[in-house]
Amino acid sequence: MSESLPTPPPLPIAPPQLPVEVAHAAVIDPPEAPLSAVRWPIPLLIGLVVLNLAFVYFSSLLVGRAGIMDAFTQDGAVIVLTAVIMLQYLPALIVALWWARSHGATFADTFSFRGFNVLPGIGIAVGLSLAGRGFGMWYVSATRMLGIDAPTTPDVTHLFPLTAVGIAATVLVAVIIAPIAEEALFRGVLFAGLRDRLGFVSGMIISAAIFAGVHFSLYQFAPLFMLGLMLAYLVTKTRSIWPSIVCHAMFNGVAVGLLYVLRAIGVGS
199 MSESLPTPPP
209 LPIAPPQLPV
219 EVAHAAVIDP
229 PEAPLSAVRW
239 PIPLLIGLVV
249 LNLAFVYFSS
259 LLVGRAGIMD
269 AFTQDGAVIV
279 LTAVIMLQYL
289 PALIVALWWA
299 RSHGATFADT
309 FSFRGFNVLP
319 GIGIAVGLSL
329 AGRGFGMWYV
339 SATRMLGIDA
349 PTTPDVTHLF
359 PLTAVGIAAT
369 VLVAVIIAPI
379 AEEALFRGVL
389 FAGLRDRLGF
399 VSGMIISAAI
409 FAGVHFSLYQ
419 FAPLFMLGLM
429 LAYLVTKTRS
439 IWPSIVCHAM
449 FNGVAVGLLY
459 VLRAIGVGS
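Throughout, the working numbering is defined as the position within the sequence shown, counted from one, plus 198.
No wet-lab data here; the hints were simulated from the structure. Yeah, the Cβ is synthetic: ideal placement off N, Cα and C, and Gly gets one too. Check each hint, because a few of them may be wrong.
[Unchecked claim] Distance windows between CB atoms, simulated:
#  : residue 1 : residue 2 : range
1  : 321       : 414       : 31 to 37 Å
2  : 396       : 349       : 32 to 38 Å
3  : 395       : 462       : 43 to 49 Å
4  : 366       : 407       : 29 to 35 Å
5  : 342       : 270       : 38 to 44 Å
6  : 374       : 321       : 29 to 35 Å
7  : 317       : 341       : 35 to 41 Å
8  : 366       : 306       : 24 to 30 Å
9  : 395       : 361       : 34 to 40 Å
10 : 458       : 399       : 22 to 28 Å
Turn these sequences into a full structure, and let the hints steer you where they fit.
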């Protein structure tokens, strides 16, 4: 659930630079120890992604076509839709947990919910989130200068009504539910499993490509791929998905906040 920012004014076609502290920390020397507590079979990793996509698609189709929301008040429909979005992630995560527990892994080690060095970990997470947003803004400007305009698709702030409950649901979905669930699946399981079997570079590239691809937006593939690379690096650096959750949440949160501000002043409403 990663939304791009509205189109900014054209900028020079030169990619943004990483913050100094992030650039200094970006000497990647992956530890020899496996990142995951279990050795994930690659067919299982692919199956988990397919299972997640299947539940996202069919639950959305069911809710949309069955008219379930019509039986609720506006706020009631918001709560139901939020619950449906949360439940979309659960089947794949439950299967992953069941398989890992059957091989002796704990919940924390299954998804890499481990402790980490807080200050440098959070510092790098914040720096990478800002770098990711900077890259996204540069990408939109660069594509516009090449004559490629962003498609006019609804952003996350249009998923729910512009009410107190709707805004709270948007923040809950985009800044809490999606970052936790997606980091657990795509970094804690998919990237960790691919990295331990294929190596850091291959695991990072493949997992980032899958992460970008499952958002089904050709235009946003490059920014989301870059975000996936950053998040995979962050998990490798800290051996925990907590910093990547912070980075992902901040990445989404900045977009949500600015989108609401732009709607309030009548831009993109």
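These are the hints, each one checked on the structure:
At about 33 Å, the CB distance of residue 321 to residue 414 agrees with the hint of 31 to 37 Å. Between residue 396 and residue 349 the CB atoms are about 33 Å apart, so this pair conforms to the stated range of 32 to 38 Å. One distance hint, 43 to 49 Å for the beta-carbon pair residue 395 and residue 462, holds here, with the actual separation near 48 Å. Between residue 366 and residue 407 the CB atoms are about 33 Å apart, so this pair conforms to the stated range of 29 to 35 Å.
About 40 Å separates the C-beta atoms of residue 342 and residue 270, a value consistent with the hinted range of 38 to 44 Å. Checked against the hint of 29 to 35 Å, the C-beta distance between residue 374 and residue 321 comes to roughly 21 Å, which is inconsistent with it. Distance hint for residue 317 and residue 341: a CB-CB separation of about 37 Å, consistent with the stated range 35 to 41 Å. In this structure the supplied range 24 to 30 Å holds for residue 366 paired with residue 306, their Cβ-Cβ distance being about 29 Å.
Separation of residue 395 from residue 361 is about 47 Å and departs from the stated range, judged on CB atoms against 34 to 40 Å. Remark: the range hint 22 to 28 Å for residue 458 to residue 399 is contradicted by a beta-carbon distance near 38 Å.
In this structure, the hints that do not hold are numbers 6, 9, 10, in rising order.
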